[in-house]
Each structure stands twice: as structure tokens, then as C-alpha cells.
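Enquirer: Here is what each chain is made of, one letter per residue.
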Amino acid sequence: MSLQTGELAAGRLPQDGEPQTAIRAHELRKVYGQGDTAVAALDGVSVDFGVGQFTAIMGPSGSGKSTLMHCLAGLDTPTEGQVLLGETELTRLPDAELTKIRRDRVGFVFQSFNLLPMLTANDNILLPLELGNRKPDQEWLSTLIEVLGLGDRLTHRPSELSGGQQQRVAVARALVGRPEVVFADEPTGNLDSRSGAEVLGFLRRSVREFGQTVVMVTHDPLAASYADRVVMLADGKLAGELRQPTPESVLDALRRLGA
Amino acid sequence: MGRLVAACLAIVLGVGFGSLAMIVHASASHGVDETIGAQYKGVDAVVYPDQATISPADIAKVQKLPQAAAVVTLTTAYMEFAFPDLVRGTTVPIDALYSTPQITGPGTSSGRLPTATNEIALPARTATKHKIGVGQTLRITSYDDKSWTVTVVGLLDDSKYVGSAAAVATPAAVKIFDPGAFTRGIALAAKPGVTQQQLADAAQAVVASGLTAFTGEAFIEHEVKGLTNGIDVLGGVFGMFAVIALFVACLVIGNTFTIVIAQRTREMALLRCVGASRRQVFSSVLAEASVVGVIASAIGVVFGVAVSALGLALSREFDWGIPPVPLHLDLVSLFLPLVIGVAVTLLAAVVPARRATKVAPLAALRPEAAPTAATKAGVLRLVLGFLLLAGGGVLLAVGAKQHEVLIGVAGGAISFLGILAIGALLVPALIRVIGALPARSGVPARIAVANAVRNPRRTAATTSALLIGVTLISLTCVGIASVRKTFDVSMDGQYPVDLMVTTYKEKMPASAEQQLRDIKGITQVVPISKLMVKSGGQELEVTGIDAAAAGSVIHNPSLAAEVKPGTALLDYPTMRMLKVENGSPVTIVSGQHKLTLTAQRGNGLDPFTVTSADLAKLAPSSPVTGFWLASDPKADGGDVIDAVEQSIPTVKDLSVQGGLAERTSYTKIFDVLLIVGIGLLGVSVLIALVGVGNTLSLSVLERTRENALLRAMGLSRGQLRRMLAVESLLMALVAAGLGIVLGLIYGWTGTSALMGGQTVEGGVEYAVPGTLLIAIGAVAAVAGLLASVLPARRAAKVAPAGALATE
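Sequence order for the protein chains is L and P.
First residue of the first sequence: 185, per the numbering used here; consecutive thereafter.
First residue of the second sequence: 2, per the numbering used here; consecutive thereafter.
Be a bit skeptical, because a hint or two may be false.
Non-contacting residues of chain L with respect to chain P, defined by C-beta distances greater than 12 Å in every case (computed) [to be verified]:
(1) Asp279
(2) Glu330
(3) Glu425
To spell it out: a stretch of chain L is covered by chain P in this simulated footprint if at least three of its residues, at any positions, have a beta carbon under 8 Å from a beta carbon of chain P; those stretches are [as the list claims (entries may be wrong)]:
(4) 242-249
(5) 281-292
These aren't lab readings, by the way, just hints derived from the structure by calculation.
We put the beta carbon where it would ideally sit given N, CA and C, even for glycine.
Just chain P, same shape as in the assembly (with noise of 0.2 Å):
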């Protein structure tokens, strides 16, 4: 059993891997269903929106339904609040109050519910983050530029929502605040002895056609439905991510059984002598896997379990901004991953039980023969993996160049296992090449680098779990990396300047420029000019810029070269309204000045950009109206564009757009793919190491006459620890190695067949992200040699002449 414990690891680790990702699933859906559950206690039908808006006819009818005891209107006004703390307003929506006790609504966590149409309760959270606290007024606007102060009454329960709620206030306030509020929908509470399905049917009888009547149930599944899809594809990626563990433990263990097997063959071959049949044999060592699977299955469930637990303790203890998400265990989640573990176990020690039927019953009254020198790859496997890399391969290339990601999926995956058919072949050849280096320090090495490819089966398969792993995370990176530098490069194409800074008819104060540039963040500061002109009978706006400091803030070199005197940047509207052409002149009018200038197409930059030499021209001290800003990219984007509304706080409109926004949404997220990606896929790296660390002290078991011989010799502890570290090293960096060159290639053609299709003329940037494949690299590099402390203990601590002493 001791031999087997890596295996039951692998196991362990695979089994909890899966187990803990149905487990935060099914726990996170759960949540969702009570939370949704929660806000909507009380109503037993829903009218709602479908293809038709709601008329007030609509509500009218459905209030005169006799089997209803209540009807709410929903309805949300959008209104901005100046919160005490910000320089300029931001938008929170306002629901109406259900006025009715049988329609439960929010519930406050302190203060009361508005009755009045003067107050108003705000979400917690918003409450907490603009510290306002119960009894406090506030100015809130609506987009028609009516305001009102109103009293904030109470604060809203917001625990359990994911983002930010909105504020309530009664029925009427709503209608008072936007008398033209979008009605989201009608819920109904049922008069005793009406069912919801009853009420549904009674209400879709008299509203408009387009509109949906729900019962009450099937409208909480239906909102379920629009949160839990995200879930749902969290948990798939997941559940791929735990079925590639699984898949690495499968290898892990097939190997596992393969070597114990060998190294039982008198043992199996004695069976067979005192009369054990075929079968008997088989089962033997399928009853074995058996126990090994179920109790590395239970012992992983309960991991899983264990993980979880902490896993969403922690993520109450502390705000990771979503909401807490109590344990939820259901049997699926037990069990599922405990039958695939057992059956996964089997499935693995197939082949080496078969192998083990094949002994035969005179190998038990054969002396033990040296170690077997080679297992030679099977002629057909080699012919098979070439055949797979090949069309793989193939396939692969059409996926990329035609930018289509399935037939591009199938490539890899198709080419990835001829990789590993050939892996006998092709790992070994690997390691005599970077093993001639070490060869050169001495014999100890050399005898490590042979002793790394003498079983080339065994060696395949032991870097084929840890080159899965390595490839995934590689791909992982280089795709990523590669998709990111896409984006900046068209981004940087849509929204060549980070934040454009304007004022509209106010002045920019004289210390504005000095303001934007103390913003932690912000690394160029270019004021601009805007001026109204006339051109060909049209109005337009004109920007200025200076030339030479343009190239600062625009990220494209092209775009900002062509900042010069004599010529004007034109986004595509404004040169079809001037029904110009590029290369075409443009004359602009201001008062009496006059100048004509060459259209360029300019886009991203304003609708009509001169230099500011040539706005000159027109207006000879047009006052600074804004600004464009460079921003450090390592600087949190968000942070950056907040600090920046609030700056110039003399300015009541002030207007900041720009790409900033954007690419720190797609920044966050594909760091958060990243980590979540390497994260995951790193337990299968780990589950290979165990790998690693199995097959070697499984070698060093068996060449333990061979190690004796060797200290007989006179290598020392110390030399015989370093070969096997050697030889781990080399099968690790092999892996790593080949994985990256892979990792590389899919990652390549996976950007090009996801992106190409998405960008203009197909255009995809090939990033190679050295640092993180260094470090995997070196990671990989450490592990090997991590994985051969052990083995290599057991090995330094045999005597010489124990093992040596004939048997």
C-alpha cells in the first residue's frame, strides 16, 4: 500500500479538485435561488414586459382583477444625488415602495421605510460608502434638472445583493420624481383560495398581447435564470478544469500501477504457479485499484468539503464584493465526484492488469533478471501520434488562418495527443539533448541522464501528466498576453488618448492643469482649445492641440504624426457631413478668419483636430477648455478616472471620457482570467509532480542493487542525491520546456482563430509574455527537484552491502 500512496494523492487532489468546484457551484445557485426567493416573497403572479411596454391601461385592468388581493406597479425613476462627499452628482436608481403589507418588498437594516413622499431609504452599502447616516437630507436631481431635498428615513438591507441596489421611496415620490417611469412590472398578491397559477391565467387574460403573465414561482425561476448563467459557465470552466485534473491523476496512477506491477511480476508469476487463472489475477489487481480509488475518492470528497468551507467562510470574513454564500451540500456534489474518482482509479489500472495477466508462470523460478534494459515503443502507437500531429496539426493551421475556434480546439486537442503517442519517442530524444550538458560535469550525471531514458515508456508518461499541465498553463498565458496586446492595439486604434478632460461652457480655471497632473496616475497633461467654426454652411466644433506635445497623450504614433500644421484629423461623420475625402481641402470660418487646411481621417481624436498653431489662426487666444491626459498603465484605471471626476471641483460640468474606462474593464478581467486559469491549472501541475516523485522513488526502488553497486564503487551520499535530482530536473525541464514551445504554438493559432474574426482585416498580435514563461520555467525547474528529495533519501539510506548480499 505504501507504493501506492502517490497515486491515492493524485487522486485525492483530482477528486477534491472536482468535488470542491460542484460543491461552490451548487452553494453559489443555492444562493442565488433563496436570495431572489427573498425579494420577491409575497407575489404569486408577475405581468412583465415582453415584446410590449406596459400602459397604464394595462395596470388599470389588472388592478380590477377580482382573484387579486394587491397590485404593485414596479417602476424605478433614475435620478442623480449630490452626496455630500462627491464634487459632482452621481446617478442612483429609486424604486417605488410596494404599497401593500402583502407584498413584503426590502426590508431596512436600520430607520424605517419611506411614507412620505419627501423620503427616501437608501441601500446600506451606498449609504456607508457616502457616509449618510438615518435622518441626514439630501439634493437629488432629475435628468430634467427639477430637484427636490429629501430625507433619507432608513437604510435597505443590501447584504445579499450582487452589485449595488437601489434606493426606494414611496409610489407616488417616483411619479413625482419621473412622472413618464419605465414600469418594469406588475406583481400581484393572490386573495385566499386563488392558486398563482389561477391568478397568472387571470391576469395574461386581460393585459396586452406582448406581455408576459408569470406565476409568481416561475418568475423567480426566470430571474434565477439570468443571474445563475453566469454561475453556470463559472462552474463549467471549473468542472473542465477539474475533468483535466482528473485526467493528469489518470495518468498518474496508470503509471503508478504499471511500475508496482513490474515489480511484482514473481509475485503475480508465483500466483499463477500455484494455479491462480488469468481472470483471478486481473481482478486481483482491479479489486486493489478498487480500495486504492474509494478510499483516495472519500478522503478527496471530504477535501473538497473542507476547502469549500474555508473557502466561503473566508469570503464572508472578508469583502471580496460579492455577496456571502452560505455552504450548500446537496448529494450530486458528494457523490458525483466520488463515483468518477473510483471509476477514473479503474479505468487507469485497466491496461497494467492486463499487462499483469501476461506474466508468465515460469517468470517465478527465474532468478530476478537485471532491470529490463527498454520497453520499446510500439511501432503502431509512433505511426499513429505522427499521424494525429500531423492532421492535427493540419486542422490547427486552418483553424487559425480561417479564424474558425472549433476546427482550431480540434487541431490542438488532435495534434496534443499525437504528442503524447510519440511522447516514448519524443521525450527521450528531448532529454539526451539538454542531458548532454550535465553528462559533461561526470559520471554521476551521465548515469542520471541514462537512467532518465532507459524506460522510455515510463518516462513519457510521467512528463505527459506534468507537459498537460505545463502546456494548459503556457497556452493560458501566451493566449491571454496575446489577446490582451490585440485589444490594446485596437483599442489604442478606437481610443488612442486615455481621458479627455472638457469643460462645456464654462472656463477652465487657471489651476486645472496643475490639479490633473497631481493625480497619482496620471503622467501627461495636454490642454486643448475648442472653438465653434463654420464650414461649408455647417457648425462644428473645432479642437486645437499642440503639435509637438499631441504625441504624449496618443497612444497610436501613426495617429499622432499626422497632428501637424496645415492639416485637419476628421472622424468619419464629420467628413461625410463635410462631404470631404482625405487628401481633400477644408475651409473653416471663424468671424472674419479664414483658413484652409487638408482633411486626414483621424479616428478616436475629436471630430475635427487641428494644431493648436492652426486654431490660432482663428481665434489668436481661445482659452484652454480642457485637457488630454496620458495615464500610467500600471496605475489602477479606476481609481484614476474617480480621482479625475472629482478633480477641478469649481467646475460644475465637467465631462471625462476616453479609453481609460474600457481598458481597465477588459484589463481586470483578463488578470482575474489569468490568475483564476493558472491557479487551476496549477493543480494538475501539482498532481503531476506527485507524479514525478512517485515514478522516481518507484525507479529507485528497483535499481536498488544498481545504487548499491554504484556506492560500492565509491559514489558518495551526496552524488548519488544529485543524480536523482538530476534526473528529475531533466525530465521537469523537458516537460516544461516542450510544454511552453506548445503552450506558444496554441496559444498563437488559438488568438489567432478566436481574435482574427473580430478585429478589422483580421489583424491579431502575437505576444510571447517572457517573464511568466521564465517563471514557469523555473517553477517547473524547482518542483523537479522538489519531487526527488524524497526517493532520493530513501535511495542514500540503503547500505552498500545489504543490497549487494545475493538473495
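Same shape as in the complex, but just chain L (with noise of 0.2 Å):
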């Protein structure tokens, strides 16, 4: 398999065969703690996500599925080992130059406060474009709005909003300024299932329909059922993966994993 180059950038479809790389982890380590205390959360993780498609990183509790999602989005720095975002390698760059990276070239749904309580909706979807002084695209942001059905609700600040509805923000938001890379971490954690159950198909039609490359973490196996591949972890190692998973191929190999 061979590195790309060049634009990886949502938007486009997959090609036909082998998908081309979005992100790629080589032997991560991430190490908490110093002497005795040492904690491995992340033991040498190698994996590949591919462009325009919906990975689904799970495992039990401390399986380091969140040390492993922070380090890939360059939220955490790891101890061992190189992130590479296209052709950037994340792991040896400056906090500003991350920064940057964060703002323009990847998106974040997280399980809870994901809004800035004293924004309105709009605001808070245009907030990473507008840190980066970026003008949105706005037929891309009405077509957005409108599949999300946050029409009526611009205005709203997320105090106003239920919850499913302060995660569709959260989606719009990923995904407004067309990333390489949309992270989820436990995206339909704090929703009850008809609202869950709608934020995924959020997440899977805008990898079918605009091609973006998602990666979520989570330990539902029915939501991890919505994505093309999963990824199995384990006390910081991978455990196995599984393609066009169902919620009881999923709940197998986790029982295999012994979680």
C-alpha cells in the first residue's frame, strides 16, 4: 500500500478496489504514569483508516480506544510512534501547527458537551471555520442544515436544544468544513436509541453520500454496526477486525475478547 499524496479531502468518492489511506497509526505507544506507576494505555498500535469510510474503533473499558481516537485527531500526544494525516506526521508537530490541523483538516462529535453553552446553533457550527477565519460554503451548509433538520433551531442556543438535537449541531459541525477526518467519541453515549439511532445514519450517509472518512469510538455494538469496518482493541493492542459488521458479529467478537 502506498502513502497518498496529495488531496484526501472529503467530498470525493471511494475509488474502486483497495481504499487509499485517511489516516494511518504506526506503532503507537502511549505511556501514563513513570517507575511502578507506568500504565500503557496505547502498546504498540499499527492501523490503517481508508478514505471514505466508516470505522468504528471498539473495546472493553480501558481498552485505550479514546487514548488511541486523541492521539490519531491530535488532541493527545503519544509517548512512541507516528500519526500520519494524509502525508503530515502529527506526532512530531508543534502545538500550534496542531492547532491549525485541528481547525482545518479534521472534525470532532463528542459524547457530551459539545457545544459552547453561550453560542447559538449557528454559531457553534461555524465556529472551527471561523477560527480559522474560513468563509463557509454556504450551498454545503444549507444542504447540511437541512439534512440534519436544524432549520428552525439556528437560532437556539444548546441550552434550548434536546440533546439529540445539540449532537446533530455536533454533526453539522464536523462535518461543515469538509475535514479529511471526522473523530466521534461515543457520539450516541448520553442519547436515548431513536435519537442515537438518527445521529448514526447521519454519520454513515455522509460517508455513502459525501464521501467522508469517519472514525468513531464506541463499546455499543449496534452502533458500531453502522460502520463498513471495526476495529477491535485490547489492553492498548488490537484485537482483531471485522468488516460489514452486524450487532451480533460484533457482539461475538467482543465476547471472544473476553469483555
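Now that you have both chains on their own, put them together as the hints suggest.
Expert: See below:
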């Protein structure tokens, strides 16, 4: 497999055959603490995520899935190993560069506390663009708002929105800048099943219809079944993967991990 | 405890300031006690002229008292000394020396005390100033123009005197210099076995009524009181500023506790869950406050003692024109600030502690809520605030209009309380208005504005602390500038000319004008001529000045315009004497010449002033007899007057008059008042800024997740720091802007209330000390930025991932 150069931006449909790599981790190690109390949250993880793919990272609590996502997204720096976003190596970048990458090249949806309480839904959606002084693509923006059904909620503040609406605003924000990768950290963890299904549906649709690359951390087999591929993590190491998962196959795989 | 550091700092500053004020006051009072005590050492009773003068008969009777071992009459002769470094003599009082070993009197620092009538001893400082040494002779002249040559045989130790001390000579010499010298008192020393009270009673019994006999101790107390009144007033002012500083500290502490407790909600709830009663929660908060209060207050007292010691040592080291004051510590000035500091801390913690008791135990079980949107300002509080504001405003207006200072002060205080009460509404509104501009620059600034107003009460409390300091400083600046301008205008009316130099019977040398022009600080010199004339049977002196040049030395333009041909400017006594009124003709005669002019009232000039052209019609070539001078307002008036008095050495009798002396003395007073006021209030501003930094760092702590989210979204460290700087700047600017506006209002109304009754027709000038006010705003802005530095650093350090991790 060769490293892709050039634009791996969203909006391009995946090509036939082996997908191109959007982001790749190589021998990642992340150690917390020192000496006797040192704990390796990631212990030599190498994994690729294809462009235009919806990948779920699964594993029991403490398996290191959140740490893996934080390192991939440039929110945290690994102790050893490399992360390549496109052809940019994130692990050597200073904070200012990482900040720019987070602003321009990746998007986030978190489990909770996704939105700034003092900004309206609209301002929250546009926040990453405005931080980088970029103008939104109006057509894309209205498409997102329409698809996510946020048209009549734009002037509301987060406290006036339901949990599902808040999460949809977060999805819109993650997608509006057409980032190379959208990272979702337990995006349905705080939602009822119907709202959760809605949000997951949107994420899958963004992959299928708009060619967006999505990496999602979850411990919910049902959520993972929305993905094209599931990467299993246990004790900071890769523990197998599934293609075209169903809730049952995910549950099976988890049972085999002894979770 | 770390979170309470800023609160501690506020207490340390407030208490330290209070103890500094008390220690310096106590030391100064103690110093005066010692000094005066030393002056009257050995005196057991004093006969003092209260309502009558002491006659020789009284002295004779006192001298015959069997209880008295020694009797000394305290007399003083005022003599003109011809110091070699001066062109013209200067007056120095000469006290009669005590002619008895029982009463010590002044000591010498070199040489000896006089024993013969042609000997004197000079105060050491006076001798140094005029470069006189022991053994030198001096010519002294009495008021009735008799002269003696005396030898300086010793220098007196005057290191503990305030101002200049008197010279001494033997009683016989003083009697020769001024046979009728005023007797200030009779000092007595008691014979062994006689108490001070017995001696005083015995003296009281023989002297005329109207004279009071004090015991030695009572007299020292009486004298000390006269001197310490000033110190007490100063101590009172200091104390007032200390109270203001403590009040500001109280706001800061209260705010800190409120935030800290808000952040510990879950902790408190957990305590309640495991069975703590409300009372126990309340006591735990108060216990924490008292620990903080005791520690910080103790540090404050130590700080106050250290600064007082340093200040007093510096004042000994450098000559600040005050006698050296040794550090004097008493229990009151050590413990009172400590107790007050602890009390203030507890008081400030009561409201937050009560709030802590209202935390429901269930709060421990709920997931941590996102930072609360906003606590709405209480409606009751707002209504009360508006009522106070309206009522205070009316009182303020009445006070200004009726020139009633007390009503004005009450109105000011009440309306200010109103402003503080509606702060939760007013301050966020103002922040939104000012914030509109930076908000356009981008999202970080917009978030900063939103953050600054999201907790209106907290923001209001934080800015209130700063607002108090800025308002008081602006008020001081505006008030002093306005009072000063009012003084200036009324001085221009009373003394329109800075300096008037005149000779009596001598001629002015031709070089005189140039000599005066060469003096540094003199900007204008206009020659005048004086001529004796007759008018209606009265003899009077007419002054002539060039009409064109008059305007350059007369400060009052409308008065200067009246100096025109055909007009005579008369002062009120002259008008009465000549029985003329404004606009009526007045005729003056000199030899064969006769001139009729229109009389005009002209205050502050010479009694009868005309143009030099008119004067020439009476006496074609009258010589120059004097000059009117204008001086540079920036020059030191005292130096200018000294230089003018010492100029033109060929003239023996030179009179120097005019408004400069008075202007100089009040200018100095206002300058000192301004500096002292700003310095003292600066402490409150410092405390308030500590408060701003504190609120900000606690808010940062509270918003850790929010900031992490922003960082994840692509907010750079620099943007985060700038965001907090804008937030802090907005608070500082609103406090500064509001404070300056209030300072102008209070300063102007205060000036009207204070000065309106003092000036003619209640005319008061309102000044806008623009440079000072801009400086206040700039200092507040810079300080606001500085206050954000530490919290911003802490906020920027947080890694975005760590803060986002779910709990």
C-alpha cells in the first residue's frame, strides 16, 4: 500500500478496489505515569483508516480506544510511534501546527458537552471555520442544515435544544469544513436509542453520500454495526477486526475478547 | 488553599495598609510626646495667659511663692538678622534663656549657651542654612530700628523641631532687644517635697484671673494636643482610606468564597449525603474563612510593621522636612488590624457560607452540570438599587445646589450603593456595549464578551471592587482640579498680579528691570511709576502702568481691559475715602497739573491705578519705582519669591507683594493632597485587580472543559490567551469608564457643595483633569491585561484531550 499524496479531502467518492488511507497509526505507544505506576494505554498499535470509510473502534473500558482516537486527532501526543494524517506526520508537530490541523483538517463529535453554552447553534456550527477565518461553503452548509433538520433551531442556544438536536448540531459542525477525517467519541452515549439511531444514520449517510471519512469510538455493538469496519482494541493492543459488521457479529467478537 | 491565595493577598494588603496607618500615627504621636516632654523637662508648673496677658505684677507674685525653687519668664523678641548670604535681613525670634539649672531648656549641639548680653545661640539648622559658625558676629536690628552686634557662641540642637526653632539669648539681652517683649508664660520648678499640683494651685491663687496655672504634665499634654491635632486629622484620613481598602478586600474575599463554593457544590452535597447538617456545612466554610483570615491578617500586620519601619527609616535617611520619628509599636496598632482583618474575612464569607448550606444532597449524585448559564440578578435588589440611586441622586443635587457638604456626601454614598446594587444589570450591559467593537474581530473576542457577561453577579462583584477604587481616585482628581480652578479664578480676582515689587524712598537702578527678567521663573516684567497726588483734600499715591503692557501681568482679562486712558482703577477703601462710585468723575492734582478721570472699581491692584500716559500728564517724567511681574505657573513659587526678594541689592528697602505666595502655598497643598489621595486609593485598586485576576482564574478552572473543547475545535493557545485578556480588559475598562464618569459627577457636585458657600455668588469652576483621567483609564486597562496573564497561562497549559476525557 502506498501513501497517498495530494488531496484526500472529503467529497471524493472512494475509488474502486483497496481504499486510500486517510489516517494511519504506526506503532503507537502511550504511557501514563512513570516507573512502577506507569500504565501503557496504547502498546504498539498500527492501524490504517481508509478514505471514505466509516470505521468504529471498539473495546472494553480501559482498552485504550479513547486514547487512540485522541492521538489520531492530534488532541494528545503519543509517547512513541507516528500518526500520519494524509502525508502530514502529526506526532512531531508543535502545538500551533496541531491547532491548525484540528481547525482545518479534522472534525469532532464528542459524547457530551459538544457545544459552547453561550453561542447559538449556528455560531457553534461555524466555530471551527471562524477560528480559522474561513468562509463557509453556503451551499454545503444549507445542505447539512436541511439534512440534519436544524433549519428552525439555528438561533437557539444549546440549553434550548434536546440532546439529539445538540448532537446533530455537533455533527453539522464536524462536517461543515469538509475535513479529511471526522472523529466521533461515543457520539450516542448520552442519547436515547431513537436519537442515537438518527445521529448514527447521519454519520453513515455522510460517508455514503458525501465520501466523508469517519472514525468513531464506541462500546455499543449496535452503534458499531453502522460502520463499514470495526477495529477491536484490548489492553492497548489491536485484537482483530470485522468487515461489514452486524450487531451480532460485533457482540460475538467482543465475547471472544472476554469483555 | 491554592484557590484562596488571591483572597489572602487582598486581606494582606488591606490589613497591612491599616496597620501601616496605625503604626505611623502612633509613632508620630509618640514622637511628639517625647519632643515636647524634652522641651519642658524640669518644669513643674506653668502659668499660661489664657484670656489675659501676664503683667510684671503677676511675675513678681509668682516669684515670691515659697513652693517655687525657680521661676522663669518665657519671653521672645523678634529681631531682624542681617545674615551675610542675604541681601536684606530676615526675622528670627529670640527666646530668653532659662536662668536656672532646675529647668533644662534647649541643649546645644556645638559651642555653649549665651551668658552675656552680646551673645546668642542659633538653631543649628538656621545656622547651616545661612552658613554661620560658632564665633561669628551678626548684626541684629529691632523693629524700632535699633541695632546691636552679637556673637554666636553656640548652636542649638533643633533636630526634633518641626519648622524653624528660635534662637536664644540671656533674659537680660532679650529685655534690651525688646523691653516690652510679650510674656508667653511663667515656668516654675518646685522645691523638694512640693508636688506639681500643689505648686500649680499655689500659682493659680496669686495670679490675676484670666491666667491659668497648669501642672507641668498637664501643660505638656496641652502643648502636645495643639501639635497632634494635625497628626490626628492625618491619621483619620489614613484610617478612612484603610477602611475603603478593607471594604474592597471584603468584596474580593466574598467573591472568591462564592466561586470556590460554587465549584465545590458536589463536595458539599457529598458531605450532606453522608449526614452533615446544614449547620456543620456552614461552620466548615466559616472555619476555613477564619483560618484564611487569621493567617492573612497576621502576614498583613507583619507587612505593615515592615513597611512602616522602612518608611520611617527612609524619612530619617533623607531630609523630608519632618523630624525623625522612631518606630513605636503599641498593642492597639498591632492587634486592632488583626482583629478587623479576621472579622472582615468572616463577614465576607457569611453569605457564601449560607449559600453552601442550601446545596441539596442530591446534587452529589447528578452528573456535573455544564457551568450554569446565569444567575439572574434579584429583582428586589434591583428595585432597591434604583431607589437608592434615585434618592441619592436627589440628595446629591440638593447638596450641590444648597452647598451643603454633609447632604452631598450622604447623597453620593447612597447613590453609589445604588450603583453597586444594580451592578449585576448595569455592568453586563456596559460590557456588551463596549464589547461590540472587539466582538467584530472574530469568534474568540465574541466568546470573551459572552464569557464576561454570563455570570452577571460575579462580574458585577468583581468590577465593583475595581469601580470603588477608580471612582474614588477620579473623584479625588476631579475634585482637587475643580477646587484648584475655583481657587485660581478667585485668586485672579483677589490678586490679579503675581508679584508687585516696589521701593519706598529710593530710586530703582536702571538695571533693575533686566535683573528681574534674568530670574528663572519670571516671564513678564512691566515697570510702574508711583506719584503722590492730591484729590479732594486727601493725599494719595497713584500708580501708572503702560496700558498696552498691563494685560501681560494682570491675570484677570476683564480687569486688564479696564486699564485704559481716561479711566482710574480704585480699590474699595479708596473709593470710600474719595466718596466716588463706579463711573463718577475723580480729579487728581499734582503741582500745577490737574487731571479728571472716570473712576472704576479695580480690586487687587494698587489703591489708585491709571495708565502711564495719564500719569505723564501730571508729571511728565516720573521715575520707575517698581515692577509688576508675571511668573511661570510651573516654576516653584517659593524659589521665585526668594530670588525676587534677594534681587536688586542696591535697594535697601524692597517690598515684594502679590498673589504668588498664596498661590504657591495652596498649589503645594493641592499637589500633596492629590499625590497622597492617589497613593492611598491606589492600594484599593491594587486589591481590586488581585480580585479581577482571581475571578478570572477561578472562572478558567470552571471552564476547563469548555476551553478544551475550543482548543479541540482549533482555538490556538495565543487565541485562548487573547480571549481571556479581552475578558479581563472588558471588566477593567467598564470599571474604569464607569468610575471616571462617576468621579466626574461626584467631583463636580462635591466641589459645588464644598466651595459654593465659600466663593462670591457661589461661583464654582468645574475642571476636567483630562490627562489624569486618561492615565487612570490607561492604568486600569494595562492592569486588567496584567491580571489576565497568570490565569491565561494556566488555561493555555491544559491539554485539550485531558480535559475532554469523560469522567
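Enquirer: For every hint, state whether the structure bears it out.
Expert: Taking the hints in turn, this is what the structure says about them:
1. Asp279: violated (6 Å)
2. Glu330: It holds; Glu330 of chain L is separated from chain P by about 23 Å at its closest Cβ, greater than 12 Å.
3. Glu425: holds (24 Å)
4. 242-249: violated (count 0)
5. 281-292: n = 6 at 8 Å, threshold three: holds.
Checked against the numbered hints above, the structure violates hints 1 and 4; every other hint is satisfied.
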